[in-house]
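Okay, here's what each chain looks like letter by letter:
2 protein chains.
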Amino acid sequence: MVKNYMEDVVEDLVDKLWNENTDKDFCKCEKCKNDVIALSLNKLPPKYFSSDKGNIWTKLIFADNQKMTDVMTAVAEAMKIVKSSQRH
Amino acid sequence: MVKNYMEDVVEDLVDKLWNENTDKDFCKCEKCKNDVIALSLNKLPPKYFSSDKGNIWTKLIFADNQKMTDVMTAVAEAMKIVKSSQRH
Numbered sequence: 072m073v074k075n076y077m078e079d080v081v082e083d084l085v086d087k088l089w090n091e092n093t094d095k096d097f098c099k100c101e102k103c104k105n106d107v108i109a110l111s112l113n114k115l116p117p118k119y120f121s122s123d124k125g126n127i128w129t130k131l132i133f134a135d136n137q138k139m140t141d142v143m144t145a146v147a148e149a150m151k152i153v154k155s156s157q158r159h
Numbered sequence: 072m073v074k075n076y077m078e079d080v081v082e083d084l085v086d087k088l089w090n091e092n093t094d095k096d097f098c099k100c101e102k103c104k105n106d107v108i109a110l111s112l113n114k115l116p117p118k119y120f121s122s123d124k125g126n127i128w129t130k131l132i133f134a135d136n137q138k139m140t141d142v143m144t145a146v147a148e149a150m151k152i153v154k155s156s157q158r159h
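Keeping their order, the protein sequence lines are chains X and C. Just so you know, we're using the working numbering here: the first sequence kicks off at 72 and counts up by one. Just so you know, we're using the working numbering here: the second sequence kicks off at 72 and counts up by one.
A hint or two may mislead.
[As the list claims (entries may be wrong)] Here are some, though not all, of the chain X residues that point toward chain C, as calculated from beta-carbon distances under 10 Å: (1) V73; (2) D79; (3) K104; (4) A147; (5) K151; (6) I152; (7) K154; (8) S156.
If you're looking for bench data, these hints aren't it; they were derived computationally from the structure. A virtual CB, placed ideally from N, CA and C, is assigned to each residue, including glycine.
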């Protein structure tokens, strides 16, 4: 079984942003959330592992400010795109 | 639910290559196969969709010679790497 561990990083961040987001105009439905996750992942380099070593990589990423900044930038851009063109 | 539809394209191609491969020195165990798939996907642009529109994209890719050449190149490189450094 192979998995892109970047998914865990993006989903964790989007969950946090979803809960903290106070923008009344931002739709929080599941469809918009999945669109943000998909768009973000298409902007970020995939990180597939064929073993659960990916869990170690995930922990390292959360501690890497530059990489987390890249992830946050991708998610912020995706949120802007989804907000301006909601498809639900 | 979001999914990287590039996974279907790579897995389909690796399955074909696994069956047709006559290289006695090439290990065909599941671990080596997953390593080839993971390595290939890390070399290719992700194509996440948050809907099953991804299935339409997959059909388009199989008909796109340039894109399939890119996928084949990534898989061939991954097979070389795995053959030279088996981890099972």
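Structure-based check of each hint:
Evaluation of the V73 of chain X hint against chain C yields a held restraint, the C-beta minimum of about 4 Å falling below 10 Å. For the restraint placing D79 of chain X at the interface with chain C, the shortest Cβ-Cβ distance is roughly 12 Å, beyond the 10 Å limit, so the hint is violated. Against a cut-off of 10 Å between C-beta atoms, the interface hint on K104 of chain X holds, since the closest Cβ of chain C lies about 9 Å away. Taking 10 Å as the C-beta contact cut-off toward chain C, the hint placing A147 of chain X at the interface is violated, the least distance being around 17 Å.
Checking K151 of chain X against chain C by beta carbon gives a least distance of about 17 Å; that is not within 10 Å, so the hint is violated. Hint status for I152 of chain X relative to chain C: violated, with the closest Cβ pair at about 13 Å, above 10 Å. Hint status for K154 of chain X relative to chain C: violated, with the closest Cβ pair at about 15 Å, above 10 Å. At a threshold of 10 Å, the smallest CB-CB gap from S156 of chain X to chain C is about 13 Å, leaving the interface hint violated.
Violated hints for the displayed structure, listed by number in ascending order: 2, 4, 5, 6, 7 and 8.
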